[in-house]
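Undergrad: So the chains spell out like this:
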Amino acid sequence: MKYLPLIWSGIWRKRGRAVLILLQVLIAFLLFGLLQGMKTGIDHAIAETRADILIVHGRQGMAESLPSSQLPVIRAVPGVKAVYIQNYIGGSYQKPTQQIIADAIDPDPEWASYPGLVVSKTDLAALAHDRTGALVNVLLMRKYSLKVGDRIPLKSSYFRQRDGSFVWNFEILGTFAETEQLGLDEAILINNDYLNEARADGKKDTVHHYIVLAKDPKQIIAVAQAIDDRFANSVDETRTEPLREYAQSSFQSLGDLNFVVRSVVGAVFFALLFSVGAMMLQSLNERTPELAVMKTLGFSDRRIFWIILMEALVLCVAAALLGLGSAALIFPLAHEYLRAGSLPLIVFEAGIGFAVLLAVISAALPAWRGMRLQVAEALAGR
Amino acid sequence: MTTLKQFVALLQMNLSGLRYRVGTVLVTVIGTTCVVGVLISMLSMGTGARAMVMKNARDDRAWIFSHGAQGNWDSNLPKNTVPIIADMPGIKKDADGKALAYASVMDVVEGRKRIDNSRANFGLIGVGEEFAAVHPEFHLTAGHMFRPGVRELIAGKSRHEIFKNFDIGDHVRLRGNDWTVVGHFDAGGLFDGSLLADAPTVMSAFGNAGVNTVTVMLESGAAFDRLQAGLKANPSIDVDARREFDVVREQSKQISGLMDFISYFVGTIMAIGATLGAVNAMYAIVDSRKRENATLRAIGFGVGPVILAVLAEALVLVVPGAVIGAMAAWLLFNGHVISPGGASFALTVTPGLAAIGVAWAVGMGLLGGLLPAVRAARVSVISALRAV
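Protein chains in written order, with the working numbering: chain A, 1096 to 1477; chain B, 3 to 390.
I should point out that these hints are in silico values taken from the structure, not numbers from a laboratory.
Treat the hints with care, since some could be wrong.
Claimed, not checked - Negatives, chain A to chain B, calculated, CB over 10 Å:
1. Arg1112
2. Ala1123
3. Leu1130
4. Ala1142
5. Arg1154
6. Leu1166
7. Pro1204
8. Lys1250
9. Ile1267
10. Asp1288
11. Gly1372
As the list claims (entries may be wrong) - Cross-link-like lysine to aspartate or glutamate pairs, in silico, EDC-like; alpha carbons within 20 Å at most:
12. Lys1176(A) x Glu1205(A)
13. Lys1190(A) x Asp242(B)
14. Lys1190(A) x Asp227(B)
15. Lys1250(A) x Asp289(B)
16. Lys1190(A) x Asp118(B)
17. Lys115(B) x Glu1205(A)
18. Lys159(B) x Glu1340(A)
To be verified - One side of the interface only, derived from the structure: several residues of chain B facing chain A at Cβ under 10 Å:
19. Leu13
20. Leu17
21. Val84
22. Ile86
23. Ala88
24. Asp89
25. Gly212
In this text, a Cβ means the ideal position worked out from N, Cα and C, and glycines have one as well.
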């Protein structure tokens, strides 16, 4: 500890250089924090997906629709607590860039207890009563300055009503909010009866998928199997899978994110290793006489080695902390794209680990040289 | 003239000194190599995606969407509009006088990748009988064409290469029925990531009430205006016609635009870091020449040549880095096929990308060299020489 002032003054021996190297390390760790944070954030989001939710979709994937006649059959499967139907239509509000998803549901009071969703039974009852009503995400209410009683016309290019119109009109009856990521940021909830009656795409009496809440998360695989068995060899074979597995495979299909993150971070650290290493060597060369004086005063070789190593360590870890801190500040801003709240702690820990590694590898050679320094030779150079 | 002479002399002197500073030189070269290598590798994704879809896009082919549709997935045309559209002026006719127009209907199916059994969705496109005539670039590479009215399908090149169970003779279970893979095709880009089958068969199997789009071959690129006028004049249909070129460009912009944004974002942050490294290296180099610089200034060398020579020296350090980076990207990734989601394309490192990489490096070199160059020029002659 008593060598701290010595280490400190060693770092700031040339202020310009120290600031530059500090910034360079900082930026590398900022990038590391953002990329790794995104990757880890996605992994966390998957791991945090509730374990008692199943998703039932067509055997050939999410693009198929299933007949709504399957609802009572699924409900009757042992171990099933509740079943929710899901349909969608997409459309634009006011201008083509403002896309809103209308999530068509069975306005069952059951939705009030759907995990992660905050919606009142009164609003659900109002939706059940008024077929062209809609419950709007509070975020969307704010975004477009809407209030209850307003009308929202959605212009779809795909979903046509039976009267030929592409415009779907909804009256805002109430609101809902999410406490978990349900993907309903830009969504309104509408009454499926209305969609079912009015749609003209030949998909009357179908649903996009079912969501099943299991009584016991441990029994979830058995429940899934039981549901699929009910519809085996029918025209509408189902595939039931835990929501977590589903989330995982959707992210997996995006491509090998891991590889991209690893390559970029690898390249950044590789370049950084040389920068920090060269900086340390340079600083050592300039200080050769000083080190010789320190040795003359009785500093042991090993102590010199540690002091040089500590300089790199303090610099790298401090810069890494600043970089990771900036990443943590920026990270929530990217929330809209990344769907991951704050920078995961593990990224900090891994970052500090990398910083230590970076310092040790890049300072090893300079520290070794400092240790082996011969006093007579070093002073002779003066 | 003297300025130029001074500049050349200074640059020669500067460069000859570099061999004594191998470490500093390496830092700059390696830093630039990493930045340019990563930037070009990432940009090659967007370039590859664009190149694949644009390859066979034509000016004399047009796509007809329902009004306001952003693309084929959210376009929906009633079946009875198809013959009306095929009757429009400007559309090329075949030898029998039939219009070169076909309707397509798009459904989505799921496949599992050979490599890791992961799932991805892609299109099963039901097409009308004029499909092959409208797409002369389409040809079968194996097997035979699907037959109308039978549950047969043909798979695009990249489907059976990347996904399991699309070999000829394989059965694919869709909507409770078995479909047989009877052929493989190469359509030179746009359709290669899809399965193709007979439109009426797909519509009855998947329960589609309408079709997504109609594609037509025009008499010429100029005939588009006549088609457009004809469509607008008919009040019974509400559709948008777009040239294939524009459709494809618009669609590829959505994918590759995002990829390009991410590439430039990562590339910029990396470049800032590497530029700081270059500044440091150049400062070290300039400082080591303090005496020489002061001497030269004392014997009458101008400020301009000194600054220019340092900047040129910085460029000499970064440009090789950029070239190595571009070459590494090309060697490692050019032609490497990736398939994010259901799409599939080869990464493409073009000379244009290499030029972007070099331009990026030149920017880094100039920014990184500027402050050190100014310091070199402003060195106080007296104090620098006093230090001797």
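Undergrad: Okay, which hints does this one fail, numbers in order?
TA: Hint check: 1, 2, 3, 5, 8, 11, 14, 15, 16, 17, 18, 19, 20, 21, 22, 23, 24 fail, others pass.
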